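Engineer: Letter by letter, the chains look like this.
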Amino acid sequence: MEIPYTVSPRQDTGLHNAKLGIWLFLASEVMLFGALFSSYILLRVGATEWPQGSDILSVPLATFNTVVLITSSITMVMSWAALQMNDFKKYRLYMGATFAAGVIFLIVKTIEYSDKFSHGLFPSNNTFLAIYFCLTGLHGLHVIGGMIVNGYFLGPGSKMWKTEPERFANRIEVAGLYWHFVDLVWIFLFPILYLL
Amino acid sequence: MSDTHTDEVKKHVKVYVNVFLALMVLTVVTVAVSYLDLSIPAAIGLALIVATIKSSLVAGFFMHLIHEKQAIIATLILTVVFFLVLIFVPLFTETDKVTY
Chain A
1 MEIPYTVSPR
11 QDTGLHNAKL
21 GIWLFLASEV
31 MLFGALFSSY
41 ILLRVGATEW
51 PQGSDILSVP
61 LATFNTVVLI
71 TSSITMVMSW
81 AALQMNDFKK
91 YRLYMGATFA
101 AGVIFLIVKT
111 IEYSDKFSHG
121 LFPSNNTFLA
131 IYFCLTGLHG
141 LHVIGGMIVN
151 GYFLGPGSKM
161 WKTEPERFAN
171 RIEVAGLYWH
181 FVDLVWIFLF
191 PILYLL
Chain B
1 MSDTHTDEVK
11 KHVKVYVNVF
21 LALMVLTVVT
31 VAVSYLDLSI
41 PAAIGLALIV
51 ATIKSSLVAG
61 FFMHLIHEKQ
71 AIIATLILTV
81 VFFLVLIFVP
91 LFTETDKVTY
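Chains A and B, in that order, are what the protein sequence lines are.
Counting from 1, position 37 in the first sequence corresponds to residue 37 in my numbering; the numbering is continuous, with no gaps.
Counting from 1, position 88 in the second sequence corresponds to residue 88 in my numbering; the numbering is continuous, with no gaps.
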């Protein structure tokens, strides 16, 4: 059976189904991260003392990672724009850059984590580290998830461009919406954990 | 695809680049502000304002929310309401303080 409304919009929503689908998923993601942000507020307000994030964590590395993620957001949207302009080569270039940015982000994150571990800093040490590892760990898993999808569309999944270009462009748009959301979460995580 | 379509996409691309530059500047602002010796409430307030502006730029332009269909906007309004409920749940602890 063919999946309905992958290209043409449904009359009642005015959208192709994948787009409404990803937004509903992102809404549930907002609640997932929202619950953890809420827990962070509760733990911090209730704590008798709370460390300054920058005393424990590396602000330069996190700033660098912020720049990496924001850059990957624009390359992601550019890869979609390239498809709109029928330029598959450019799409590959931008999507490749987006994927590479994901790799860089994870490498930096690994450096940060192993630095903490080598200094004997674990989630079990204190509430701050517990919520730090929980939030950045969950965010990191989201980056990995996005990279799996982006990697698929960069490699084997890109065959669809030849057979169903519009449907493929819609897939990239939807993958992009998810990727921007991951960037958006980091925009809040960075100041909350590292700077405040 | 038609030429007018291509022109329109090119306009979008310009907007994306400008948004990207704005995000970079705001990232610098976020970090710079943290080096000022602000009081904790002021620092938190300012950091959250900058983060909100940045995320609005990402959502509005990269995620195309500024000209999105009603079905999505309605879904998101509902999400924002429930998100705020979640965020303000910790306030209930204030109504039930342990006194010594």
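Hints were generated in silico from the structure; no laboratory data involved.
Since the model is a prediction, treat every value here as computed from it, not as a measurement.
Glycine included, every Cβ here is placed at the ideal spot set by N, Cα and C.
Among the clues, some could well be false.
[To be verified] Covered stretches of chain B, as calculated for chain A (at least 3 residues, CB under 8 Å):
1. 19-30
2. 48-55
3. 62-70
Engineer: If a hint holds in the structure, say so; if it doesn't, say that too.
Structural biologist: Hint-by-hint comparison with the structure:
no.: 1; hint: 19-30; in the structure: holds (count 6)
no.: 2; hint: 48-55; in the structure: holds (count 5)
no.: 3; hint: 62-70; in the structure: holds (count 4)
In this structure, none of the earlier numbered hints is contradicted; all agree with it.
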